[in-house]
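Peer 1: Here the structure of chain R is known, so what remains is to put chain Z in place on it, guided by the hints.
Just so you know, the protein sequences line up as chains R and Z, in that order. For the record, in the first sequence the residue sitting at position 6 is 895 according to the numbering used here, with numbers rising by one throughout. For the record, in the second sequence the residue sitting at position 42 is 137 according to the numbering used here, with numbers rising by one throughout.
Because the hints were derived from the structure by calculation, they are not lab data. Computed from a prediction, not measured in an experiment: that's the story for all the values here. Among these hints, one or two may not hold up.
Cβ-Cβ distance ranges computed for the label pairs, FRET-style [said to hold, decoys possible]:
id: 1; chain 1: R; residue 1: E943; chain 2: Z; residue 2: S175; range: 37 to 45 Å
id: 2; chain 1: R; residue 1: Y989; chain 2: Z; residue 2: K173; range: 16 to 24 Å
id: 3; chain 1: R; residue 1: T896; chain 2: Z; residue 2: N126; range: 30 to 38 Å
id: 4; chain 1: Z; residue 1: P135; chain 2: R; residue 2: E964; range: 23 to 31 Å
Chain Z is faced by these chain R residues, among others (derived, beta-carbon under 10 Å) [to be verified]:
id: 5; residue: S891
id: 6; residue: G892
id: 7; residue: G905
id: 8; residue: Q926
id: 9; residue: Q930
id: 10; residue: F934
id: 11; residue: F953
id: 12; residue: F958
id: 13; residue: P959
id: 14; residue: F979
id: 15; residue: G990
id: 16; residue: T992
id: 17; residue: F993
Beta carbons: idealized from backbone N, C-alpha and C, even for Gly.
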Amino acid sequence: DSGVTQTPKHLITATGQRVTLRCSPRSGDLSVYWYQQSLDQGLQFLIQYYNGEERAKGNILERFSAQQFPDLHSELNLSSLELGDSALYFCASNKMGQNYGYTFGSGTRLTVV
Amino acid sequence: AQTVTQSQPEMSVQEAETVTLSCTYDTSENNYYLFWYKQPPSRQMILVIRQEAYKQQNATENRFSVNFQKAAKSFSLKISDSQLGDTAMYFCAFMKQPNTGNQFYFGTGTSLTVIP
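Chain R on its own, in the form it takes in the complex (with noise of 0.2 Å):
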């Protein structure tokens, strides 16, 4: 256990419809970090949050949203779902200013049928 908990695990939906993936992160982390995995494909950038604030934006699309809350969990929320949208999310957690590298979540898979 990494101690940063993504749920679900696995989610299934119809296209069109919006999801939402939830992560808290490790005890202490005040920086929660988005990425999407494709099939077979590197780690894309989505979004950082640090301490409730926004702090970085990656190649999220405008259909996808998050927000970090008070107790520093925070939520991914995916709209209008595509096809496309077929992948792996991660969320990830440090502190801001140390240098262990991320701790990441296990992942939610999400399908788009």
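Peer 2: Leaving out everything else, chain Z in the frame of chain R:
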């Protein structure tokens, strides 16, 4: 901008043998950290080893060691006595120091298969 390149999409090694995975990076920064992450079939991302750029000594973690060549901007991973459980995708990553935002960059990965 920083880039991380892994030029070997796939590699294989016989069990108990040694294999080296290559990684090069491009940066104008002087202070940074380098990492190797492992992603087994379970898809969990696991930190394997990290290297501080200011340290000349190469990092070692049990059977895993790196060859860090700062001038050449090279950061290879050596796996000794390969085991079946080492079969995974390996990602090289660069992190700017200090990490004040998304300063983490991943390579595209090398898929390693350990053959019994």
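Peer 1: Which hints from the list above does the structure break, by number from lowest to highest?
Peer 2: 6, 7, 11, 12 and 13
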